[in-house]
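So the sequences go chain by chain: L and G.
Heads up: the first sequence at position 38 corresponds to 38 in this note's numbering, and the numbers run straight through without jumps.
Just add 1000 to wherever you are in the second sequence, counting from 1, and you've got this note's numbering.
You may find that some hints are simply not true.
[To be verified] Taking lysine-lysine pairs in the DSSO-like style, the calculated list, with each CA pair at most 30 Å apart, reads:
#: 1; chain 1: G; residue 1: K1059; chain 2: G; residue 2: K1253
#: 2; chain 1: L; residue 1: K23; chain 2: G; residue 2: K1253
#: 3; chain 1: G; residue 1: K1253; chain 2: G; residue 2: K1033
#: 4; chain 1: G; residue 1: K1023; chain 2: G; residue 2: K1033
#: 5; chain 1: G; residue 1: K1144; chain 2: L; residue 2: K23
#: 6; chain 1: L; residue 1: K23; chain 2: G; residue 2: K1059
[Stated by the list, open to error] Derived, one-sided and incomplete: chain G residues facing chain L with beta-carbon distance under 8 Å:
#: 7; residue: A1039
#: 8; residue: I1040
#: 9; residue: R1077
#: 10; residue: S1078
Hints were generated in silico from the structure; no laboratory data involved.
Ideal Cβ placement from N, Cα and C applies to all residues, glycine included.
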Amino acid sequence: MDIVFLAFILVLSIFLGFELINKVPATLHTPLMSGSNAISGITLVGALTSAGAEHTVLATVLGTLAVAMATINVIGGYMVTDRMLAMFKKKEGASK
Amino acid sequence: MNMDLLVNLSYVAAAVLFIFGLKMLGSPATARKGNLVSAIGMLIAVVITLLHHSIIDYKWIAVGFILGGIVGAVVARSVAMTSMPEMVALFNGFGGIASLLVGWAALYGPGIGAFSLVTIVLSILIGGVTFTGSLVAYGKLSEKIPGRPLVFGGQRIFNIALIIGIVVFAVLFGLNPEVSLYLYIVIALSALLGIMLVIPIGGADMPVVISLLNSYSGLAACAAGFAINNIILIVAGALVGASGIILTQIMCKAMNRSLSNVLFSGFSAVSSGG
């Protein structure tokens, strides 16, 4: 793909990332960190291609390892975030 | 060709869901739904990638999914609420090493030009730093290693030498991609740099460091995206990288610390002794 085009996408995404986060209450810092950490597991998509494309044996081995690691990041990340946020809700309900 | 279009359109949908998910995560009323929205984005991206024609063999993918899924789910369910931050660090480390491996595997893919080589080295470098840095952060928070800042004489000089070493071997590898030894040295030095960046930081500052490492893992995914020409990796990685930096800054402010103080703690000889 055209490098200039990809660079454009990169720059716009970075600006968007900067703009998305503002005035987050302190209690949400850890869940937000955890939630965005799960998104960085998107590297799983890249890992799938490496593991399944049958380029070389080494690439398949590396890809399979990458799929396993990235899946831990994705599944664990989303589940932990959900558990944290569920706890907040309960606390709020109890104090009401 | 049609399949490519479908895949890329689904990536656009996934990117939109990530953006809304992140936005919703920033407000207490919508946070839990936001996490779900972003998870749906991830599911779409993964499922549609599996349908792509470049994937021929599903056997090893299944192995990776099952292994990673079981470990991730069991750990996420069993961990105590009080040890959440270190869990985030641990998961983040796995994301980092995954980006490193994706970059490495991209070396054996089709069409490796000068630009791909640079991005491959970047994803390996940032992924390696994220991996070991996160492991040290995990170790410190879970008290598997001492939580106090570890500083020693000549730390600054050692770190600068380390960075010069990484640059030298990265360039050597870029010029001679057939010499795997250079690559292994870059991987080893990046791993060492991750450790060196986190050990001088004290336990109380750890949440800020984890947030920073989270940002790094986004950048690593972004670099891996450039290495394999995948837009969703670039977009999602850049989103996490940028929002992670902002979040890090917000957390620093909340703790009355300056970002540069945390960032370069290994370089400025701040032996707070704490």
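Hints violated by the structure (numbers, ascending): Failing hints, ascending: 1, 5, 6, 8 and 10.
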